[in-house]
Amino acid sequence: MAEAAAPGRTFDDEALPHLDALYRVALRLTGDASQAEDLVQDTMLKAYRSWRQYRPGTNAKGWLLTILRNTFINDYRRRKHEPVAMDLEAVEPYALDRDIHEVDPEGSFFAQIVDAKVLEAIDQLPVEFREVLVWSDVEGMSYAEVAETLKIPVGTVKSRLFRARRQLQAQLYAHAVEMGYIQPRESPT
Amino acid sequence: MSGVDCVQALEHLADYLKRELTPELMVEVRQHFERCHECFEHAQFEQNFLMMLERRAARETCPEKLRSKILGMLRGEAEGA
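Sequences listed follow chains C and Z, in order.
Just so we're aligned: the first sequence equals residues 32 to 220 in my numbering.
Just so we're aligned: the second sequence equals residues 115 to 195 in my numbering.
Since the hints were made in silico from the structure, they are not lab data.
Under 8 angstroms between C-beta atoms, here's a sample of chain C residues computed to sit facing chain Z:
{"hint": "1", "residue": "ARG55"}
{"hint": "2", "residue": "GLU137"}
{"hint": "3", "residue": "LEU150"}
{"hint": "4", "residue": "TYR174"}
Here are the simulated lysine to aspartate or glutamate pairs, EDC-like style, with alpha carbons at most 20 angstroms apart:
{"hint": "5", "chain 1": "C", "residue 1": "LYS182", "chain 2": "C", "residue 2": "GLU159"}
{"hint": "6", "chain 1": "Z", "residue 1": "LYS179", "chain 2": "C", "residue 2": "GLU68"}
{"hint": "7", "chain 1": "Z", "residue 1": "LYS179", "chain 2": "C", "residue 2": "ASP73"}
{"hint": "8", "chain 1": "Z", "residue 1": "LYS183", "chain 2": "C", "residue 2": "ASP44"}
{"hint": "9", "chain 1": "Z", "residue 1": "LYS183", "chain 2": "C", "residue 2": "GLU68"}
{"hint": "10", "chain 1": "Z", "residue 1": "LYS132", "chain 2": "C", "residue 2": "GLU176"}
{"hint": "11", "chain 1": "C", "residue 1": "LYS77", "chain 2": "Z", "residue 2": "GLU191"}
{"hint": "12", "chain 1": "Z", "residue 1": "LYS179", "chain 2": "C", "residue 2": "ASP51"}
{"hint": "13", "chain 1": "Z", "residue 1": "LYS179", "chain 2": "C", "residue 2": "ASP43"}
{"hint": "14", "chain 1": "Z", "residue 1": "LYS183", "chain 2": "C", "residue 2": "ASP73"}
{"hint": "15", "chain 1": "C", "residue 1": "LYS189", "chain 2": "Z", "residue 2": "GLU134"}
{"hint": "16", "chain 1": "Z", "residue 1": "LYS183", "chain 2": "C", "residue 2": "ASP69"}
{"hint": "17", "chain 1": "C", "residue 1": "LYS189", "chain 2": "Z", "residue 2": "ASP129"}
{"hint": "18", "chain 1": "C", "residue 1": "LYS148", "chain 2": "Z", "residue 2": "GLU168"}
{"hint": "19", "chain 1": "Z", "residue 1": "LYS183", "chain 2": "C", "residue 2": "ASP43"}
{"hint": "20", "chain 1": "Z", "residue 1": "LYS132", "chain 2": "C", "residue 2": "GLU179"}
{"hint": "21", "chain 1": "C", "residue 1": "LYS77", "chain 2": "C", "residue 2": "ASP43"}
{"hint": "22", "chain 1": "Z", "residue 1": "LYS183", "chain 2": "C", "residue 2": "ASP51"}
{"hint": "23", "chain 1": "Z", "residue 1": "LYS179", "chain 2": "C", "residue 2": "ASP63"}
{"hint": "24", "chain 1": "Z", "residue 1": "LYS183", "chain 2": "C", "residue 2": "ASP63"}
{"hint": "25", "chain 1": "C", "residue 1": "LYS148", "chain 2": "Z", "residue 2": "GLU174"}
{"hint": "26", "chain 1": "C", "residue 1": "LYS189", "chain 2": "Z", "residue 2": "GLU125"}
Glycine included, each C-beta is placed from N, C-alpha and C at the ideal position.
The following block holds chain Z by itself, in its conformation from the complex (with noise of 0.2 angstroms):
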């Protein structure tokens, strides 16, 4: 018998999902979330939710404005030195 059962995949799951485990865990964890459907929900919406986060509130970029300005800053800075 091998591979992780629901308490370890889910023990897993957070660590699985940011690709923290070790090669060997990695796999036995995706074979049980692909034998296992409750298991794959919860997968899934971890998932969706790490998803959603990383689209919605990564969007943001440094306003023009700032950016010209710290390049003016900088310059100052290498003329000074």
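Bound-form chain C, shown alone (with noise of 0.2 angstroms):
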């Protein structure tokens, strides 16, 4: 295997563990599981032969995801049929708020959604809030990471994922509400 950029540590050390979050994120800004072996396929060739790159002792799986990110916006971006650009800033916040806050003031009705009713929500994000959403509440990254790794400032990173939370949060009640999971309260006739 490579030569150890951090003594000790080989790529398969650090890369492979870093293999289901790759793969889950790859599916995420795909959309499609073919494409998405692809992309992790091509991601690791790209960080195995660029591991001499890698500083010992730093985030490795922000680094592959990284490198995962750069092949899809240069090679796979473009395959694929991507939404008109919106001007995000434009994009509200939903003001269901305080209507689901009515019904159901803690958020009991998430836990009854099932897994694949969520990943189609947020497949439905526009890209750029989909992706601030994955990197930081799905993979659990940190503020500074995913503002590393998108290349953004972290006060973007918050607007965003307040926004991408929001949409989410509210495309859920929808889906709960369609569900019967929650009773609405009477609905304007």
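Dock the two chains into a complex; use the hints.
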């Protein structure tokens, strides 16, 4: 295996534990299982070949996700039909807020929603929101790590995260009402 | 008078749940939630949402076939180098 950049740590030691995370993120970015597999494979090959540039003791997961995202942007994004670019600042955080809080103040309904539905809702977010949410709330990276790998300021991370969460909550709430997990207040007719 | 009020507590909520506040603020915000039921509900709502995301969306794993394909590819690279 590759010469260790960190004494005693091989590429395998550092990179292989993150395969699950890389695959999940690839799925969310490409929205397609076979493209996700290609993307993970390309990422691992590029990472292996630039292993010497990895600084030991830094965040291997962040390093790999950066390579994955760059690969996605350069080689994959244009293959995929992307929704028309939108003015992100114009995306209003949904105003359903008060409604939800009155019906289910502690958000117990979230526990009833099945995995597939949650993933589907994430995949419907605009890509700029989706990646911030996946990096932070699914893969558990800190603001600083998200900012570094996505190359945006921490303030932007926070504001996108806020909007992404609101949008997702509103969507899941609508789904929960539709499925009868919760009863909405009497709807205006 | 010390501590944070409702407006401040909710402003800090997202950072609090990500544990990205100073230790002092972490304590002050937590104490506010302990004494304010309405803010506590808000915090609970966000926390349930985040727990759901972690549980439901971080469950997929890399397929075995892909894993062994990658291992094979890395072996090939190592030998070819």
